[in-house]
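Between the sequences and the hints, there should be enough to build the whole structure, so can you do that?
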Amino acid sequence: MSMQSHHVHLVSDATGETVSNVVRACLAQFEDVRVVQHRWWLLRSPSQVGRVIEGIQRDPGTVVFTVVDPEIRRALEEACRLINIPCVALLDPVMDALALVLETKGNQQPGRQYTLDEGYFSRIEAMHFALALDDGQSLDRLKQAEVVVVGVSRTSKTPTCMFLANKGIRAANVPLVPGIDPPAELMDLAGPLVVGLTRDPKSLSDMRRSRLRLMREDGDSPYAEEDSVAREVREARRLYARMGWTVIDVTRKSIEEVAATIMQKLGTAPWGEGL
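Numbering (the working numbering), first residue to last: 1 to 275.
These are calculated hints, taken from the structure and not from any lab test.
Don't take every hint at face value.
[To be verified] Cross-link-like lysine-lysine pairs, in silico, PhoX-like; alpha carbons within 25 Å at most: (1) Lys167 / Lys253; (2) Lys143 / Lys167; (3) Lys202 / Lys167; (4) Lys265 / Lys143; (5) Lys167 / Lys265; (6) Lys265 / Lys253.
[Stated by the list, open to error] If you anchor each label on the Cβ, the simulated ranges turn out as follows: (7) Asn84 / Ser210: 20 to 26 Å; (8) Asp227 / Ala89: 18 to 24 Å; (9) Leu100 / Lys202: 46 to 52 Å; (10) Leu98 / Thr246: 17 to 23 Å.
Built from N, CA and C at the ideal position, the CB exists for glycine as well.
And the structure:
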C-alpha cells in the first residue's frame, strides 16, 4: 500500500532558513509519514501572496510562516482563511513571550538576523581560521583557537569545526594517527579548550569501510579492520584521560549536538546555557 503524501507550505518574507529549520526538526519526530514541502521565500509585497495561494490550492496543506511585515501577513492569513487552510505563525509564541518579559515590542524587519553586523564578520573570520587549521595544518597557530578538536579518523572533526566556525568560534582540529605521536604543539597547549572525539569501534569500522568502498580501495585494510580500529579508539581515550581533555562520544550524536555540547563547555551557546 502506497504511503499518502501530506503537503506543508513554508512561507517567509526573508530567506526561509528559520521556518525551514524548525519544520525540519519537527518533522523528524514523525515516522512513516511522507511530507512534501513547498517553499515560498522572499515575499516583499502583499501582491506576491497571490502566487503562494495558487500553489497552496494546487496542493492543499498546512501553511507555516515567518512573516513579520504586517501587510503581507494579513494578506496571507486572510487568503488562507477564505480557502479554509490552517495557517501557523511560527514565531508568535516566542515573540509574545519576549515582548512580555522585555516590556517592549520587536522591530518588524524581515531578515534582520542576516544583516552584516560584527557577528557576521566574526563568523567569516572563524571560517577562514577553521579552514587554515583543518586536519593538523598550521600548528603554530593552534594557541589562537578557542577550541581544538582531536580524534582518530572519521570522528567528525572537520564538520564539527565548520559548524562551530559558523557560530563565530575559532576551532581547529588535529588528527590522531596510529604509530605517530601527537604533535608537541597540541601536547603543550595551554589556554584553548581541547575536546577529544570518540566513536563506537564497530560504527567507526563500518564508516571507514564505506569510505574505502567509495574510494574503490581495499575494505579489509587495517584502517577499517575492527580490532585495529578498537585499538585506535582505546589509545585515543587513554590520551584524553591522561591529558584531562573533555571527551564526547559522537556515535549517536548529530554534528549539531556535538557542537552544542562544545559551545556549552565554552559558555558561548548562542541560544543560552542549559541546552
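Structure-based check of each hint:
1. Lys167 / Lys253: With Cα atoms ~19 Å apart, Lys167 and Lys253 stay inside 25 Å; holds.
2. Lys143 / Lys167: This hinted pair holds, its Cα atoms lying about 19 Å apart.
3. Lys202 / Lys167: violated, 32 Å
4. Lys265 / Lys143: Distance ~18 Å between Lys265 and Lys143 Cα, so the pair holds.
5. Lys167 / Lys265: Since the Cα atoms of Lys167 and Lys265 sit roughly 14 Å apart, the hinted pair holds (cutoff 25 Å).
6. Lys265 / Lys253: holds, 16 Å
7. Asn84 / Ser210: 20 to 26 Å: violated, 48 Å
8. Asp227 / Ala89: 18 to 24 Å: The hinted range 18 to 24 Å is violated for Asp227 and Ala89, with Cβ atoms some 56 Å apart.
9. Leu100 / Lys202: 46 to 52 Å: holds, 50 Å
10. Leu98 / Thr246: 17 to 23 Å: violated, 32 Å
When held up to the earlier numbered hints, the structure conflicts with 3, 7, 8 and 10 and fits the remainder.
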